[in-house]
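> Here's the letter readout for the chains.
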Amino acid sequence: MNSYLLETFKAKFPDDVLDTHAFRGDETVLLKKEALLKAAAFLKDELGFDFLMDLTAADYLPREPRFELVCHFYSSKNNYRLRLKCPVAENDARVDSLTPLWAGANWFEREAYDMYGIKFEGHPDLRRILMYDGFEGHPLRKDYPLKKRQPRIPHRE
Amino acid sequence: MGLETVFGHSFLTTRLDEAVNWGRKYSFFQYPFVTACCGMEYMSVFASAYDIARFGAEYPRFSPRQADVLFVVGTVNEKLAPVLKRVYDQMCEPKWVVSFGVCATSGGFYDNYATVQGIDKIIPVDIYIPGCPPRPEAILDALIKLQEKVSKESVLDRKYK
Amino acid sequence: MDKKNAETPKNWNLETLEDGRMVLNMGPSHPAMHGIVRVLLTVQGERVHDADVEIGYLHRGFEKTCENVTYNQCVPYTDRLNYVSPFINNVGYALAVEKLMGIEAPVRAQYIRVIMSELSRLTDHLTCIGANAMELAAFTVYFYLINAREELYRLTDAVAGGRVTPAYTRVGGLTRDLPPDFKEMTAEVFKKVRKNLSDADKLLTRNRIFYDRLHNIGNISKEDAIAFSFTGPALRSTGVPLDVRKATPYLVYDRFDFDIPVGSNGDNYDRYLVRMEEMKQSMRIVEQALAQLPDGPINHPDFNVSLPSKEEVAGNIEALMAHFKLTFEGVKPPKGEVYQAVEGGNGELGFYIVSDGTGSPWRMRVRPPCFALTGGLSKMIKGGYIADIVSTFGQINMIGGELER
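Chains as they are written, first to last, in numbering that gives the first Met the number 0: chain A, 0 to 156; chain B, 0 to 160; chain C, 0 to 404.
No lab work stands behind these hints: they were computed from the structure.
Predicted model, so just to flag it, every value in this text is computed and none were measured.
Hints are not guaranteed to be accurate.
To be verified - Cβ pair distances, simulated, as ranges: (1) C:P240 with A:P64: 50 to 58 Å; (2) A:G133 with C:L23: 20 to 28 Å; (3) C:E328 with A:L29: 28 to 36 Å; (4) B:Q65 with A:E33: 53 to 61 Å; (5) C:E222 with A:E156: 50 to 58 Å; (6) C:E222 with A:E6: 25 to 33 Å.
Stated by the list, open to error - Pairs of lysine-lysine, DSBU-like flavour, derived with a Cα cap of 35 Å: (7) A:K147 with B:K151; (8) A:K31 with C:K378; (9) A:K118 with C:K381; (10) A:K84 with C:K324; (11) B:K84 with A:K118; (12) C:K331 with A:K118; (13) A:K84 with C:K191; (14) C:K309 with A:K118; (15) A:K11 with C:K190.
Think of the CB as a built atom: it goes at the ideal place given N, C-alpha and C, for glycine as much as any other residue.
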């Protein structure tokens, strides 16, 4: 039982849509990462999704492709939400940046880079945002230990 | 150090100690290094319901050169640690440090890659206040304990040399 | 001093600064940087030419910590996200997990959650305006509003046991019920809060100095606000009437009659007015909710979700086993992912939870409203004076715990 939105999406990008489903009222589209920018432009210009509410990533470590980029869109006119997910492989962790469409994607993408190491092509200033510059590694990856601290100044005692 | 130590351990020095300590403890100039949720209780203590002004510690000096008590309020993480050390180093003697809340005392329940497990790993601390966040009455109690600690100091202490 | 501490953005070229421009650091430990945000400015005299906002000084690893504890153990961590409005975080998180499980809390619990959320919204706006007024040298207003907040803290203390960090909700309901005289206590507290609010209003709203410091400062247009993903009072001050409570009503918000204040200019003064009016609307909602409050249980009846009562645990073997499993392994939602949005004090607070069927979340993401707001901050302060940064930064109400989790 698919909705009008998911059907439109599948009709517009037949080769790139990998999967669609709806769980507990949330509609999700799984898309190839090369089609992200044009799909987002389609959502913004033609379907009226004016807000990019959230852009983040998730790490599904034993599975290949390892990462998944998750974007939440919201349309204030139609009061509709959509989730777009793109699988990203570890050895080719590069995705197109959404900053040409939404200026707010700037900081969300910096955080995804900082926490997971996914690089965004076309981002004006991709650097760490929550961790400091000398930090090695990407903390939210599943193989980064929870308690591994990297002190910036030597601790006493 | 100066003229005041000429007499060594004597009656005049202890009278001097009392006077100096009386002045110091009833007029703390705090440097509130506020980071996180404990800042809400700090704001409550600062306001008029639980008044910290009646202890003389009312005026926050936002410059380390002019402050003598460093209130480290809230979590300190690894990115902020050099900043805290710098602020502490910029303060002149006599200076005291109050570690406000569990996160500053021992890292709180944030035992992970980002948090320093207690600011005493960076700077020496005089009073620890537990609580997440501590009630304003606990803070006033800590302030009274700090006053008692200051009243036991002496101008002949090693740290004032 | 080691070079790592003196970072400037890579695309700033310090050698080519001309016209007497200088780089100024509004450092992390600064009285007006609520909590710790570092703003690197290129200024010419007092005019800000370029700004780079650097955050991360309060990053506490919330998301990674939550992947290692059970669902109910995450609730105290959510308290400390937006620590001026802790109930809203608790409610949002509980709603997200309940959506994942496909259950709903009982009606009485939903009403109480609405009441506590609105009380939290009151404390949030009171703190924002109080702190902002203090930074603009209106010290008396700070004392009036923080006293009003103290009264509200006494209420939340009576209900949940904690002033600032209550950890009040659980998956499927609440920890404890309201105290029996809550309605009378709230009526008294609201009388005092209304009085303090009206005093602050008389002191600030038509005050020439306050008006000059806030009007036409920190402007942002409607299109820019939407592009930066602003939500909440900052977005409503530009003229977009978007509020999650009205757009997609959650809990029992559709049973109450309240308005959404909308500004027009997108400047600091409009944000201030939107917040003052929202506080009055919040009190209206609480009074309606208390009038309609039904009786009933406050926890979901299923043993796999909420802890059974002590009589059952002592008597019934299934209840005993459920108690053990819930305490050690936690609630186990089915596999899947959800996104639940609630209206926080600053805008849309979203929880995105991915579950793998075990008792701990696989991925727990918080969409912080003030992350988007602080992302747009550099655009709002460019071209203004350094002194305007204080009022702009105060009116977007950046809360460190939420910004950096």
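> Can you list which hints this structure breaks, lowest number first?
1, 7, 13, 14, 15
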